[in-house]
Amino acid sequence: MSKWWSCGSNQESNSIFRSEVMSLVQMYLQPEAAYDTIAALGEVGCVQFRDLNAKINAQQRKFIGEVRRCDELERRIRYVTAELNKEGHKVLDLMDDFPPAPQPREIIDLELHLEKTETEILELAANNVNLQTSYLELSEMIQVLERTDQFFSDQESHNFDLNKMGTHRDPEKSNGHLGFVAGVISREREYAFERMLWRISRGNVFVRRCDVDVALTDPKTGNVLHKSVFVVFFQGDQLQARIRKVCTGFHAHMYPCPSSHSERQEMVKNVRTRLEDLQVIINQTSDHRTCVLQAALKQLPTWSAMVKKMKGIYHTLNLFNVDLGSKCLIGEGWVPKRELELVEVALAAGSASVGSTVPSFINVLDTKKEPPTHFRTNKFTRGFQNLIDAYGIAGYREVNPGLYTCITFPFLFAVMFGDMGHGTILFLLGLWMVIDEKRLSKKRGGEIWNIFFAGRYIIMLMGLFAMYTGFHYNDIFSKSINVFGTRWVNVYNRTTVLTNPTLQLNPSVATRGVYPMGIDPIWQSASNKIIFLNTYKMKLSIIFGVLHMVFGVCMSVENFVFFKKYAYIILQFVPQVLFLLLMFGYMCFMMFYKWVKYSPTTDVEADTPGCAPSVLIMFIDMVLFKTETALPGCDVNMFPIQKNLEMIFLVVALLCIPWILLGKPLYIKYQRRNRPAGPVEEVDEIVEKIEVTTGKEIIITEVAEAHESGGHSEEDDEPMSEIWIHQAIHTIEYILSTISHTASYLRLWALSLAHAQLSEVLWTMVLAMGLQMNGYVGAIGLFFIFAVWEFFTIAIMVMMEGLSAFLHTLRLHWVEFMSKFYVGNGYPFTPFSFKDILIVVEDD
Amino acid sequence: MDKHVAFMVITVFWLLFAIIGFLVSYRYEERGLIRCCVILTAVCCYLAWMVTFVMQLNPLTGPRAKQKIILGMITYWPRSIIHDEKDP
Numbered sequence: 001m002s003k004w005w006s007c008g009s010n011q012e013s014n015s016i017f018r019s020e021v022m023s024l025v026q027m028y029l030q031p032e033a034a035y036d037t038i039a040a041l042g043e044v045g046c047v048q049f050r051d052l053n054a055k056i057n058a059q060q061r062k063f064i065g066e067v068r069r070c071d072e073l074e075r076r077i078r079y080v081t082a083e084l085n086k087e088g089h090k091v092l093d094l095m096d097d098f099p100p101a102p103q104p105r106e107i108i109d110l111e112l113h114l115e116k117t118e119t120e121i122l123e124l125a126a127n128n129v130n131l132q133t134s135y136l137e138l139s140e141m142i143q144v145l146e147r148t149d150q151f152f153s154d155q156e157s158h159n160f161d162l163n164k165m166g167t168h169r170d171p172e173k174s175n176g177h178l179g180f181v182a183g184v185i186s187r188e189r190e191y192a193f194e195r196m197l198w199r200i201s202r203g204n205v206f207v208r209r210c211d212v213d214v215a216l217t218d219p220k221t222g223n224v225l226h227k228s229v230f231v232v233f234f235q236g237d238q239l240q241a242r243i244r245k246v247c248t249g250f251h252a253h254m255y256p257c258p259s260s261h262s263e264r265q266e267m268v269k270n271v272r273t274r275l276e277d278l279q280v281i282i283n284q285t286s287d288h289r290t291c292v293l294q295a296a297l298k299q300l301p302t303w304s305a306m307v308k309k310m311k312g313i314y315h316t317l318n319l320f321n322v323d324l325g326s327k328c329l330i331g332e333g334w335v336p337k338r339e340l341e342l343v344e345v346a347l348a349a350g351s352a353s354v355g356s357t358v359p360s361f362i363n364v365l366d367t368k369k370e371p372p373t374h375f376r377t378n379k380f381t382r383g384f385q386n387l388i389d390a391y392g393i394a395g396y397r398e399v400n401p402g403l404y405t406c407i408t409f410p411f412l413f414a415v416m417f418g419d420m421g422h423g424t425i426l427f428l429l430g431l432w433m434v435i436d437e438k439r440l441s442k443k444r445g446g447e448i449w450n451i452f453f454a455g456r457y458i459i460m461l462m463g464l465f466a467m468y469t470g471f472h473y474n475d476i477f478s479k480s481i482n483v484f485g486t487r488w489v490n491v492y493n494r495t496t497v498l499t500n501p502t503l504q505l506n507p508s509v510a511t512r513g514v515y516p517m518g519i520d521p522i523w524q525s526a527s528n529k530i531i532f533l534n535t536y537k538m539k540l541s542i543i544f545g546v547l548h549m550v551f552g553v554c555m556s557v558e559n560f561v562f563f564k565k566y567a568y569i570i571l572q573f574v575p576q577v578l579f580l581l582l583m584f585g586y587m588c589f590m591m592f593y594k595w596v597k598y599s600p601t602t603d604v605e606a607d608t609p610g611c612a613p614s615v616l617i618m619f620i621d622m623v624l625f626k627t628e629t630a631l632p633g634c635d636v637n638m639f640p641i642q643k644n645l646e647m648i649f650l651v652v653a654l655l656c657i658p659w660i661l662l663g664k665p666l667y668i669k670y671q672r673r674n675r676p677a678g679p680v681e682e683v684d685e686i687v688e689k690i691e692v693t694t695g696k697e698i699i700i701t702e703v704a705e706a707h708e709s710g711g712h713s714e715e716d717d718e719p720m721s722e723i724w725i726h727q728a729i730h731t732i733e734y735i736l737s738t739i740s741h742t743a744s745y746l747r748l749w750a751l752s753l754a755h756a757q758l759s760e761v762l763w764t765m766v767l768a769m770g771l772q773m774n775g776y777v778g779a780i781g782l783f784f785i786f787a788v789w790e791f792f793t794i795a796i797m798v799m800m801e802g803l804s805a806f807l808h809t810l811r812l813h814w815v816e817f818m819s820k821f822y823v824g825n826g827y828p829f830t831p832f833s834f835k836d837i838l839i840v841v842e843d844d
Numbered sequence: 001m002d003k004h005v006a007f008m009v010i011t012v013f014w015l016l017f018a019i020i021g022f023l024v025s026y027r028y029e030e031r032g033l034i035r036c037c038v039i040l041t042a043v044c045c046y047l048a049w050m051v052t053f054v055m056q057l058n059p060l061t062g063p064r065a066k067q068k069i070i071l072g073m074i075t076y077w078p079r080s081i082i083h084d085e086k087d088p
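So the sequence lines, in the order shown, correspond to chains A and B. For the first sequence, position 769 matches number 769 in this note's numbering, and the numbering has no gaps at all. For the second sequence, position 60 matches number 60 in this note's numbering, and the numbering has no gaps at all.
Heads up, some of the hints might be wrong.
Derived list of chain A stretches under chain B, where covered just means 3 residues or more per stretch with a C-beta under 8 Å from a C-beta of chain B [claimed, not checked]: (1) 400-410; (2) 493-501.
In silico SDA-like pairs for lysine to any residue, Cα to Cα no more than 25 Å straight-line [stated by the list, open to error]: (3) B/K3 to A/F484; (4) B/K68 to A/K116; (5) A/K86 to A/K116; (6) A/K479 to B/L60; (7) B/K66 to A/P658; (8) A/K564 to A/P658; (9) B/K3 to A/P507.
What the hints contain is simulated information worked out from the structure, not anything from laboratory work. All C-beta atoms, glycine included, are put in the ideal place defined by N, C-alpha and C.
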């Protein structure tokens with residue numbers, strides 16, 4: 001599938017009726033010009049390279065070293081991007097205005113630059129961890145010094161006279177005096193810690209504990225730590241050693257703590273000074289890191305684009321064959337025929353940029369391989385083509401249903417969604433996205449927004465057609481509008497009107513012509529509205545369904561003519577379309593004939609409304625050879641020769657079944673019998689002698705790869721039994737699907753009915769309540785009730801119902817329409833294009 | 001009589017829409033696409049209109065309306081009147 005920025009020539013009419021004509025080209029590139037040539041082709045984006053080194057694994061290809069270097073550069077870019085994200089800076093990829101692909105020598109500078117930036121950031125990160133560790137230790141020491149005040153006041157001061165510097169160092173011996181150890185421990189470990197101390201000392205220690213209220217931060221992870229200050233009082237030197245081991249085992253940090261108040265105050269002052277100095281250093285380090293990241297931030301998107309381009313180029317060069325003898329690179333690729341000139345220009349530009357005296361050139365090959373499918377879509381057709389491609393990619397030069405889907409899709413959606421009010425909302429949404437598309441195309445709204453934006457033309461057309469069908473259904477938020485003047489009049493007199501709660505108007509005397517466009521507005525107020533609209537919408541669905549299917553079957557003629565299978569027009573198309581028309585086309589005829597023939601004002605008694613037969617019952621009687629009993633004064637037939645005609649139609653339709661079943665296999669059998677004696681062994685072998693300016697001859701032999709498709713028509717290789725089986729399956733599928741698909745189109749009526757009824761419920765249950773309120777309170781209430789009604793209108797009627805109708809329309813196209821002619825066994829054209837590589841969909 | 005006029009006017013409109021659209025498409029590069037869209041639009045819209053029109057050409061049943069609706073018709077729609085003559 002083409003992209004909108006793909007360059008194009010004006011040689012042919014731009015149409016997506018068939019895929020582009022493709023050429024297989026063979027490229028001969030000079031090694032010194034190869035890089036620049038591939039770079040130029042990447043900018044143009046119209047070559048899909050084939051892999052000539054499929055048997056060589058990725059690690060053994062020629063340019064794997066360069067690819068690895070690009071990988072390393074990308075890793076560094078990702079690392080710096082991650083660091084920037086931590087700082088709160090979002091690195092946005094470029095959406096347009098991409099830099100050109102860098103020269104290989106320019107990458108050396110970029111490598112040095114990125115290496116320097118990464119190294120600097122890594123060093124700053126390590127320094128930051130060290131600084132944060134020191135900061136944490138000093139913070140904990142402050143907590144120890146401050147919170148131990150309450151502990152020491154509980155003890156006698158004379159016990160500490162000989163231990164003024166605490167026992168974290170070797171104390172002097174003193175019998176009968178208490179020693180202590182102070183420190184900080186994690187809150188989740190303190191109970192186990194206390195229990196262990198109690199156990200090793202056999203209950204001879206005294207532990208005091210206090211929570212640290214200030215939030216502390218882990219230097220490595222940045223997580224918040226919850227810790228407690230503890231002091232352990234003990235007696236004797238042996239206990240001291242054990243207690244210190246337990247503290248170490250529980251990862252508790254011990255800090256020096258003087259026993260006298262004045263010394264603690266002095267130490268607190270010193271530690272605070274050191275903390276302030278450390279904070280200054282931390283801030284300076286952080287500022288420096290921010291400067292480094294900011295310097296990288298501006299250039300990072302450009303670097304990322306450059307590295308991606310370079311990596312794409314080397315990946316493409318790895319698909320080439322390296323002819324060491326003649327020192328040239330040989331590659332093959334698919335090119336749209338209209339763009340061969342662009343490829344030649346790119347090759348010339350690549351050679352000129354390095355001043356190469358030997359030109360690179362291309363050779364157009366004849367091949368039986370199946371080319372990829374390429375449609376030159378524009379911003380309007382791309383959305384519709386995406387719908388078709390989601391079902392299957394068209395085969396090469398196969399008829400593309402995407403062209404007709406541009407109108408049939410929004411129209412069938414509108415038949416289901418018909419409502420002027422909701423259609424207007426949908427239309428305005430699409431119109432906004434279309435009018436403002438230049439600005440919105442740069443918006444990064446995530447995947448769902450991208451889907452909606454890509455379908456903006458679909459949405460606009462769906463809304464527009466929904467307004468049209470809504471006008472014909474005379475339905476605007478479940479209310480009707482009397483544009484042309486209703487054609488129904490009241491003819492009852494005063495007594496009749498006043499004495500009857502319900503009256504039904506008689507069509508023979510109460511009508512004054514035909515409402516010119518759409519449904520007469522009186523029906524919106526009638527209590528038998530649903531019955532009336534159901535008959536109308538069912539018939540509308542069947543008529544459109546049959547026409548849609550006939551159109552699909554007729555498309556197969558286009559394929560038969562194009563691929564020169566003229567016999568299949570007689571053997572496949574004619575019986576298929578005959579079956580469809582004789583059965584269901586006749587049903588549509590009966591619908592129209594009934595509308596025209598039976599009239600309430602007729603003079604013929606057999607043509608009065610009471611005698612009007614049911615079309616469905618007549619159809620069933622036709623198939624089952626039954627005859628209904630006519631009511632008195634009525635005629636069982638709609639027209640004189642109806643029974644005979646139906647008999648003929650049914651017989652011919654039944655004859656079409658063996659016609660479809662037997663025609664094609666017998667034809668193939670006949671063709672094979674009359675084929676020249678012996679199968680022709682065709683080897684897809686290209687032997688070319690090319691004399692380059694160096695004077696050396698190159699003999700290139702290419703044998704078709706066995707695993708690739710194409711080469712022969714599939715039918716030529718298939719055994720007859722397979723052909724019979726396939727044709728039997730196809731026949732059964734077509735006959736049965738004609739019946740089931742006709743019934744499937746009734747969903748047009750079903751969804752339309754559901755939409756109308758939901759809209760009416762919303763009106764009567766929500767907004768009508770507000771309109772019935774009185775006074776000023778009613779006005780205020782109506783304000784809020786309208787908001788509720790509008791919310792439900794958009795959320796349910798437009799979004800949910802719209803999505804439902806969209807999916808049903810999609811099924812009608814994929815299954816009911818495209819199954820009549822579409823094979824869809826192609827594969828997409830994926831050219832080597834820098835824009836495809838660089839434009840990524842963000843998921844956030 | 002006015003049914004024939006309506007039929008003729010709408011038919012001519014969509015016919016002209018298709019023809020003029022067909023001619024205008026020659027001025028554009030994507031004439032195949034424009035031509036296809038114009039003709040398909042004309043066919044679909046005309047068909048939707050025609051089915052609706054023909055369906056109401058000879059109504060086989062009339063609307064059943066409540067007394068309130070009948071009185072509304074008499075009040076707002078000028079063709080409906082209240083009278084004391086016999087019911088037809």
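Consistency of the hints with the structure:
Given a C-beta distance limit of less than 8 Å, the hint that chain B covers the region 400-410 of chain A holds, as 5 residues qualify and 3 suffice. For the region 493-501 of chain A, the stated coverage by chain B holds: 8 residues have a C-beta nearer than 8 Å to a C-beta of that chain, and at least 3 were required. Distance restraint check for B/K3 and A/F484: the Cα-Cα separation of roughly 12 Å lies within the 25 Å cut-off, and the hinted pair is therefore satisfied. Proximity of B/K68 to A/K116 is assessed by CA-CA distance (about 86 Å); at most 25 Å being required, the pair is judged violated.
Taking the CA atoms of A/K86 and A/K116, the gap is about 20 Å. The hint holds against a cut of 25 Å. Among the hinted pairs, A/K479 with B/L60 is consistent with the structure: their alpha-carbon atoms are about 24 Å apart, no more than 25 Å. Annotation: proposed proximity of B/K66 to A/P658 is violated, straight-line Cα distance about 57 Å (limit 25 Å). Proposed proximity of A/K564 and A/P658 is supported: the alpha carbons are some 24 Å apart, at most 25 Å.
At most 25 Å may separate the alpha-carbon atoms for a hinted pair to count; B/K3 and A/P507 meet this at roughly 16 Å.
Checked against the numbered hints given earlier, the structure breaks hints 4 and 7 and satisfies all the rest.
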